[in-house]
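A.B. asks: Residue strings, one per chain:
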Amino acid sequence: MRKRGVGIAAGFYPMGMSGGGDSSQALVKIQPDGSAVLTVGSCDIGQGCKTVLAQMTAEVLGIDYAQVKVVNDDTDNCPLSFGTFASRVTYVDGKATIAAAENARDILLEVAAQMLEKSPEDLVAADGKISVKDDPDTSLAIGEVAGAATFGMRRLVVGLGHYMRDPATPDPDTGECDPVCSLAWAANLAEVEVDTETGEVEVLRLVSSYDVGKAINPMLTEGQIEGGGAMGVGAALSEQLHPHYPGLEDQPTNLGDYAIPTTMDIPDLESVIYECPSTNGPFGAKGLGEMTANCPAPAIVNAIHDAVGVWLNELPASPERVLRALDEKGGG
Amino acid sequence: MTMKVVGQRVKRYDGMAHVTGETRFVDDVIVPGTLTIKAFRSPVAKGNIKDLDTSAAEAMPGVAGVITAEDVPCNAYGLVPDQPVLVEKAVRYKGEPIAAVAAVDEDTAVEAINKIKLDIEEEKPVFDPLEAMKPDAPKVRPEGNVFMFGERPFRQIILGDVEEGFKKADIIVENEYLHPSLEHAQLEPQASLAVPDAGGKLTIYTVSQALYFHLGQLLGILQMEPDKVQCKQWAPRTGSSWRHNAGFSDINYVGGTVGGGFGAKNDIHADHVTALLALKTGQPCKWRWTREEDLLYSTFRGAWRMTIKDGITKDGRIVARQIKSIRDAGAYSTLNFYVVDKHSFLAAGPYFIENVYVQGYCVYTNKPPASSMRGFGITPATFATEVQIDKIATQLGMDPWEIRFVNAFRKGEHTATRRVVNSVALVEVMQKLAEKAGVDLPDKLMTMTSTERG
Amino acid sequence: MYSLEFTVNGQLCQVAVDLKTTLLEVLRDKLFITSPKVGCNTGDCGTCSVLMNGKLVRSCITNALSAQGKEVTTIEGLAEAGELHPLQEAFHDNYGAQCGFCTPGMILASKALLDENPKPTREEAKEALSGNLCRCTGYGKIIDSVMAAAEQMAQAKS
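As given, the protein sequences belong to chains A, B and C, one line each in that order. FYI, in the working numbering the residues of the first sequence are 1 to 332. FYI, in the working numbering the residues of the second sequence are 1 to 454. FYI, in the working numbering the residues of the third sequence are 1 to 158.
Hints may be right or wrong, so weigh each one.
Straight-line alpha carbon distances no greater than 25 Å define the calculated DSS-like cross-link-like pairs of lysine-lysine that follow [to be verified]:
hint	chain 1	residue 1	chain 2	residue 2
1	B	115	A	69
2	B	139	B	50
3	C	20	B	115
4	B	139	B	124
5	B	444	B	134
6	B	134	B	314
7	B	167	B	309
8	B	50	B	117
9	C	30	C	20
10	B	168	B	314
11	C	55	C	70
12	A	29	A	118
13	B	168	B	324
14	B	89	B	117
15	B	309	A	329
16	A	29	B	11
17	B	139	B	89
18	B	4	A	29
19	B	134	B	309
20	C	55	C	30
21	A	133	B	4
22	B	391	B	314
23	B	115	B	4
24	B	391	B	309
25	A	329	B	391
26	A	3	B	89
27	B	436	A	3
28	C	157	C	119
29	B	309	A	69
30	B	167	B	436
Covered stretches of chain C (chain A as the covering partner; in silico rule of three or more C-beta atoms under 8 Å from a C-beta of chain A) [claimed, not checked]:
hint	segment
31	108–122
32	140–150
Since the hints were made in silico from the structure, they are not lab data. Backbone N, C-alpha and C fix where the C-beta goes; we use that ideal spot for every residue, glycine too.
With these hints in hand, go ahead and build the complete structure from the sequences.
C.D. replies: Encoded structure:
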């Protein structure tokens with residue numbers, strides 16, 4: 001018999017290294033034509049940091065996304081980053097990037113102020129131009145300003161940025177500390193169908209809701225949500241690195257035996273993005289790379305309970321484990 | 001001010017390179033004359049090396065270099081430097097690298113590996129952290145099988161008084177959960193290419209997720225840090241032109257484009273070995289792990305055993321939560337203790353609970369070292385506490401939504417480490433979830449907010 | 001050694017191989033075409049996928065000599081006259097690629113599908129791509145990309 005059930009799970013997740021002390025630096029160079037090169041030390045592991053950091057740079061400078069190039073290739077050229085982990089890059093590199101872009105913009109504003117015989121505070125950079133705040137028709141193209149800065153005023157238009165959260169050492173007895181940059185919030189709903197004869201569980205629906213502070217790029221945000229969702233389904237139902245844990249027998253040695261989800265195992269995922277701005281984050285953003293993999297498994301386990309009345313205290317909810325639980329319960 | 005670029009669905013920066021196949025990963029970097037590396041790994045999970053004979057491998061035509069522990073200037077690395085690049089005496093897990101060969105091609109490298117002779121005294125391993133914690137357990141590590149958080153064998157978090165909390169509770173719910181070990185299964189396997197140049201600079205193409213973090217560790221392994229002993233492999237090659245140790249600038253660590261990480265590439269797997277063999281042979285050296293090696297011997301999400309005891313009042317409020325978590329760390333510290341810290345700080349979950357006691361243990365076993373994976377220690381905590389809260393709801397006859405709304409953090413409350421939460425949105429996130437999923441929640445829940453505890 | 005003669009992306013190639021050389025080794029190590037990836041070398045992940053006479057094969061478990069006289073297409077051969085294939089456009093537009101490691105194989109598997117079934121349902125698309133693993137995307141946006149490309153190609157025809 002196939003029985004259906006629904007389960008939910010909630011969660012939260014910190015941005016940045018727990019305990020702080022993780023730095024990132026950024027460098028924004030304005031080329032003589034007004035385009036920009038952002039240099040950072042964090043890796044793009046697929047999550048898309050080059051994209052979101054380029055967006056932030058473009059936003060601050062008032063230029064197009066296409067006019068920003070990102071260099072993150074090597075340690076000879078790129079400034080320090082602690083690395084791409086701990087859901088930290090959007091937040092920590094984002095803050096460093098914004099600081100660097102603002103720093104570069106300030107130089108442009110200074111130069112434009114000289115050219116327009118105004119004070120830098122009277123000017124604003126937007127839409128590819130630097131214009132006078134209360135007289136928008138008086139403006140210079142950013143390229144014009146960058147060119148004048150480079151060739152006329154012999155200035156190197158480079159902005160520098162840095163962000164590091166202060167280290168937070170936990171109290172040895174109570175653990176008291178302020179360990180994280182910001183917290184993001186999550187809730188998932190899973191609907192499953194359990195085959196009481198084979199023990200197989202099929203995920204029919206996985207609906208996700210995440211607070212990301214600010215989705216710098218909603219398409220990439222969805223990408224993280226869906227990718228983490230699939231990883232969560234794999235953890236919930238099929239993945240076992242040590243099938244006879246704690247022993248090492250019968251360990252999978254190929255990706256046929258270590259069964260990560262395929263297209264056939266994942267339903268069309270539904271998600272909703274909620275934006276509760278981080279008090280200190282870049283444009284209010286938090287990070288969500290990791291948290292998306294956390295809620296699916298408990299939501300699925302709770303859905304299995306809703307469907308057939310058994311609790312699984314151990315993952316994955318493999319057919320064998322589901323059948324054993326049904327047997328123990330008696331009668332299915 | 002309205003934003004023009006932030007918040008927009010602009011196309012992925014490197015998307016065009018991806019869809020044309022132009023994106024260059026480490027294994028796609030082709031340098032003429034590159035040697036292929038294979039590792040000689042321990043056949044046993046625990047043992048003591050009596051003798052290692054690599055002479056037959058070294059004598060083989062086509063073999064350019066063989067390295068063992070003797071060739072590693074500083075044979076200990078990691079945040080807490082306790083992991084050898086190549087085992088000198090004590091083997092702590094099956095598959096631990098003991099030697100590595102660089103040869104003209106893969107077949108030659110494999111043949112050379114097969115010619116290495118190892119005399120090892122096998123010892124009784126321990127795989128179960130619960131066994132490893134016992135005083136008479138086989139010693140995985142000389143300093144003991146349980147990682148010390150300062151003076152304690154566990155990270156301790158105390159908020160309020162759980163015993164007092166349990167007294168106030170109407171029901172107590174206690175359960176044990178096991179979160180299994182998981183593999184990242186990132187599609188790009190561990191790989192590294194090290195290219196030396198005559199000027200004394202080493203270029204390493206890496207899959208690292210954390211360039212600077214690993215660069216610092218590599219400099220330690222190669223003893224290239226300023227003020228330390230000069231790298232002994234390096235000196236003969238560069239001779240008198242090598243005037244000083246410039247440190248970070250001696251290696252150009254090339255990466256930034258990674259074929260999936262998920263935490264798999266937060267620890268050095270291959271770069272130290274390629275660097276050492278490149279320095280020894282003077283030739284570019286590449287090491288690409290097989291998928292089998294990646295599954296069996298790379299870092300992974302270590303398993304967790306969690307016991308949760310909750311005290312709950314009839315209205316569904318969790319008034320006390322006691323958690324004992326045991327992390328199976330495998331054989332080395334890697335990022336395990338950090339994972340346990342992160343777990344312990346937030347294990348009590350996204351709920352305001354006034355009395356919390358957490359003990360987070362990090363226990364060594366004779367498995368390959370576990371380390372970071374997407375979600376660190378929060379993933380197992382979320383699994384356990386979110387199943388637990390459903391069990392509580394069932395026992396109270398309460399709706400699983402309602403119990404979460406009742407306990408959810410509100411603005412200004414604080415976590416178990418007394419960190420005040422400001423940007424709070426669990427209530428709203430759950431309301432959005434219900435709307436999206438088409439679940440009709442009672443007005444009582446839909447009108448709640450994260451700004452006040454109703 | 002044997003002489004393998006075959007066409008890769010429209011170009012005739014001649015390569016010396018032995019009996020155990022795989023097609024993947026020929027492409028990557030001899031012809032320096034690196035878009036087919038070594039993800040597993042056991043035929044499980046699909047990152048080495050290429051088209052041989054239009055059919056999807058896993059080049060890591062395909063003997064090189066079986067390509068004798070045949071036509072092999074990698075993603076480098078998909079663009080025509082400087083125009084990207086609609087699938088490439090669609091994967092870029094719909095965020096069908098995150099880390100990019102599975103992408104060449106995934107797009108070629110999608111092409112094999114659309115060549116045979118220009119108007120697949122989502123379920124058919126899922127089935128056709130079930131042998132190609134992706135750990136980043138959760139597949140949703142990959143299937144979106146395939147459906148968008150099918151739509152675009154149908155419109156271009158009419």
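A.B. asks: For each hint, tell me whether it holds in the structure or not.
C.D. replies: Comparing the hints with the structure gives:
no.	hint	in the structure
1	B/115 <-> A/69	50 Å, violated
2	B/139 <-> B/50	18 Å, holds
3	C/20 <-> B/115	23 Å, holds
4	B/139 <-> B/124	9 Å, holds
5	B/444 <-> B/134	51 Å, violated
6	B/134 <-> B/314	39 Å, violated
7	B/167 <-> B/309	13 Å, holds
8	B/50 <-> B/117	11 Å, holds
9	C/30 <-> C/20	14 Å, holds
10	B/168 <-> B/314	10 Å, holds
11	C/55 <-> C/70	11 Å, holds
12	A/29 <-> A/118	24 Å, holds
13	B/168 <-> B/324	21 Å, holds
14	B/89 <-> B/117	14 Å, holds
15	B/309 <-> A/329	23 Å, holds
16	A/29 <-> B/11	23 Å, holds
17	B/139 <-> B/89	14 Å, holds
18	B/4 <-> A/29	21 Å, holds
19	B/134 <-> B/309	23 Å, holds
20	C/55 <-> C/30	22 Å, holds
21	A/133 <-> B/4	18 Å, holds
22	B/391 <-> B/314	14 Å, holds
23	B/115 <-> B/4	64 Å, violated
24	B/391 <-> B/309	12 Å, holds
25	A/329 <-> B/391	16 Å, holds
26	A/3 <-> B/89	56 Å, violated
27	B/436 <-> A/3	23 Å, holds
28	C/157 <-> C/119	12 Å, holds
29	B/309 <-> A/69	52 Å, violated
30	B/167 <-> B/436	40 Å, violated
31	108–122	violated (count 1)
32	140–150	holds (count 4)
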